[in-house]
Amino acid sequence: MLKRVTLENFFSFGRKTEIELHPNVNVLVGINGSGKSNFLKAIQLLYEGISGKGLEKLLLQEWGGFDTVAFNKFLSNKIQLSFEFDRNVFQRNEKSYESDNLSCPVYEINIHKAGDLNYYLHERVYDSVTKEEFLNIKNAEGFLKDGAENQGNEEFTMPKNSNLKTFELVLRQLYDQFSYFSISSFREIVSELRVYRQFDLSENSPPRKLQSYSTEKVLNANGDNLCTILQNIENNHISDFESLMREIEQINPMFKRIGFARLGADSQITLIEKHLNKSIRAQHISDGTLRYILLLSILFNPDQNFLVALDEPEQGLHPDMMNSIAEFVRNSQKENVQYLFATHSPLFLNRFEIEEILIFEKDKDNQTQVKVKSEEDFEDWNDDYLAGQLWLRGALGGKRW
Numbered sequence: 022m023l024k025r026v027t028l029e030n031f032f033s034f035g036r037k038t039e040i041e042l043h044p045n046v047n048v049l050v051g052i053n054g055s056g057k058s059n060f061l062k063a064i065q066l067l068y069e070g071i072s073g074k075g076l077e078k079l080l081l082q083e084w085g086g087f088d089t090v091a092f093n094k095f096l097s098n099k100i101q102l103s104f105e106f107d108r109n110v111f112q113r114n115e116k117s118y119e120s121d122n123l124s125c126p127v128y129e130i131n132i133h134k135a136g137d138l139n140y141y142l143h144e145r146v147y148d149s150v151t152k153e154e155f156l157n158i159k160n161a162e163g164f165l166k167d168g169a170e171n172q173g174n175e176e177f178t179m180p181k182n183s184n185l186k187t188f189e190l191v192l193r194q195l196y197d198q199f200s201y202f203s204i205s206s207f208r209e210i211v212s213e214l215r216v217y218r219q220f221d222l223s224e225n226s227p228p229r230k231l232q233s234y235s236t237e238k239v240l241n242a243n244g245d246n247l248c249t250i251l252q253n254i255e256n257n258h259i260s261d262f263e264s265l266m267r268e269i270e271q272i273n274p275m276f277k278r279i280g281f282a283r284l285g286a287d288s289q290i291t292l293i294e295k296h297l298n299k300s301i302r303a304q305h306i307s308d309g310t311l312r313y314i315l316l317l318s319i320l321f322n323p324d325q326n327f328l329v330a331l332d333e334p335e336q337g338l339h340p341d342m343m344n345s346i347a348e349f350v351r352n353s354q355k356e357n358v359q360y361l362f363a364t365h366s367p368l369f370l371n372r373f374e375i376e377e378i379l380i381f382e383k384d385k386d387n388q389t390q391v392k393v394k395s396e397e398d399f400e401d402w403n404d405d406y407l408a409g410q411l412w413l414r415g416a417l418g419g420k421r422w
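Residue numbers (this note's numbering): 22 to 422.
Simulated pairs of lysine-lysine, BS3-like, Cα-Cα distance not exceeding 25 Å: (1) Lys392 x Lys24; (2) Lys186 x Lys94; (3) Lys99 x Lys186; (4) Lys159 x Lys78; (5) Lys37 x Lys385; (6) Lys166 x Lys186; (7) Lys277 x Lys230; (8) Lys134 x Lys99; (9) Lys94 x Lys159; (10) Lys186 x Lys134; (11) Lys94 x Lys78; (12) Lys37 x Lys159; (13) Lys394 x Lys37; (14) Lys166 x Lys152; (15) Lys99 x Lys37; (16) Lys166 x Lys24; (17) Lys383 x Lys24; (18) Lys99 x Lys24; (19) Lys37 x Lys392; (20) Lys299 x Lys230.
These aren't lab readings, by the way, just hints derived from the structure by calculation.
Work out the full structure: start from the sequences and follow the hints.
Here you go:
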């Protein structure tokens, strides 16, 4: 699991901020602009930089470059991010790890400004327990210690004229799993991160279009493989698929089942409801229902990644749907799945313990600070209020008053 994230000079995180994460569920609360989405952007950077679109496209084309991402471009020419994982993170990987290999990884990313538009990177990977360093590369030069599985480690020096791209993460570029077993395996773990923001459900959005078949096992961030994921659950995990459909039926008594309309090699989901002589195509499924199905395809998927982050999952959902999502997460916490939810829903908060809530606020310098409270902080309340009620009353923090 992801144990700790440390951010400095990254969007609203100015001074060094350590965020300790709960191994199962973390619910992020705070006013708009308090930094919840910026924290999720750090997770997104980790994934996109190693396994997704790449750091250059994310930082320069989508986020606007160093000056936009840095909290204060004048005080520091460096953005720092650190991600610490616990030993359990490797239990999802089919490969075994010897004790002298990387077991509790810490991955540090430093983004240095170089001119008006350019930047270069300094990366470190080390074990939080043994403190042994496996990678330390700055501007494509440095040190790498790794090796083949069960064959010990060797030291590599990256020369100045190496083929490494200075604007992309080194972990993205080391593909040789035989030579770099520990680093490659860690990269595979990071590829299992997913950050889901608000799904586009407009008329011609990906979830409503015909979708091509793929071998992907988890839902993409834009939902363009929803059919593949649902069919995979139906074909390979029938009990989970039936549970998913029962969840929809509890919300919509007219619901019978999910279907799939095919046109050649492509398909799209349909809803079959009682007393209708035709199915409801994806183009005509209500926004809330389609968003609910997208969320269920994440939560009820046995192949789901080890970390799932959802930004404001309550948007567009009926309160019954939101309660359904929260209750499922609350009652079926899996040891190998870690959830991050950013929310403004007190109904959602009511389902969780105070210790699972991360409270985002701005200080007098407009910098994000993250607080955690416990039940001991509310002994005088005598269990009269749930977490969502405490939040609404201003007792938790993360509000304007």
